[in-house]
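Residues in the sequence shown are numbered from 1 upward in steps of one, following UniProt numbering.
35 Å max Cα-Cα, derived DSBU-like pairs, lysine-lysine:
no.	residue 1	residue 2
1	K117	K51
2	K218	K96
3	K69	K250
4	K8	K69
5	K2	K117
6	K134	K184
7	K96	K64
8	K193	K255
9	K64	K193
10	K188	K64
Beta-carbon label-pair distances, calculated as ranges:
no.	residue 1	residue 2	range
11	K96	R207	28 to 34 Å
12	N68	S192	14 to 20 Å
13	I189	N10	48 to 54 Å
In case anyone wonders, no lab produced these hints; they're calculated from the structure. All values reported here derive from a predicted model rather than from experimental measurement. Where is the CB? At the ideal position from N, CA and C, for every residue including glycine.
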Amino acid sequence: MKEFMKEKLNIEVNDLLLENANIQNRFYTLTHSDETGELFLFIDTKYREDKFSKHRDEVISCWKEIDNKYILEVYLCIDGQDNIGDIEKRDIIFRKELPLALEAIVYGDKGIFLGNKSLIDSPIIVYFNSSNPKYNKIERWGQVSDYLIKKDRVQNNFKVPQNIINSRLKDGVIFTLLSTYIEKEMKKIYGSKYVYCPNFSDIIMIRPLSAPLACKGKYIVVVRVKSAGINKNPVNETIMEFLISTDGVKIQSVKNPRKYMG
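Starting from the given sequences, assemble the full structure and let the hints guide the process.
Listed below in structure tokens is the structure:
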């Protein structure tokens, strides 16, 4: 990975966003030039699909709000276009260059980040979208503050942990995305005093759905949640089905809890 050089970053911001600080209206499209090494960041009210390259090597990202807390979601098209045989190579390149791309996005819109201290603590969730299950992953890549550069950096020693690099969709990251939704539903069923614990949950099924033009992945996730009983009381089990996409998280169904002896 090359060092991020701010003088090589070209930024274009939609005029509507200059006076509107609404976080969820901001979509980032980052492209680059192999010849000059320049980066081009487009901050707009939608993805700039007109800037997508034929190789599909752009990095796109947007904000999602869950219970007044923001997540910066990043989407990568690992398959590319007519490059199915190069998936492994593209995956390696994306992982090598992603920290630089994240620094460019954070620096390019740093007025938003530095003007909102809670925003710089937002987790970054990366969707590696591929038709090959081996490379089709969702991973957590630290938080916004890890990619603030030089004097703006809060943490300058951030490294993506190996267990996150190697994680699959169900290895913890999925519960980061779904925990607030799960807890809300469980409180509806068991009352306001219910406290959700991911240790009592497991994922029954993850099914990727077809990805549209922008290579924005969609996933059906079915989660089984158990509420621990007290002493010899039965344990209650609830099955929830979620749709995860760039439009956010939607609860597809919540099956009535059934009791079984744990």
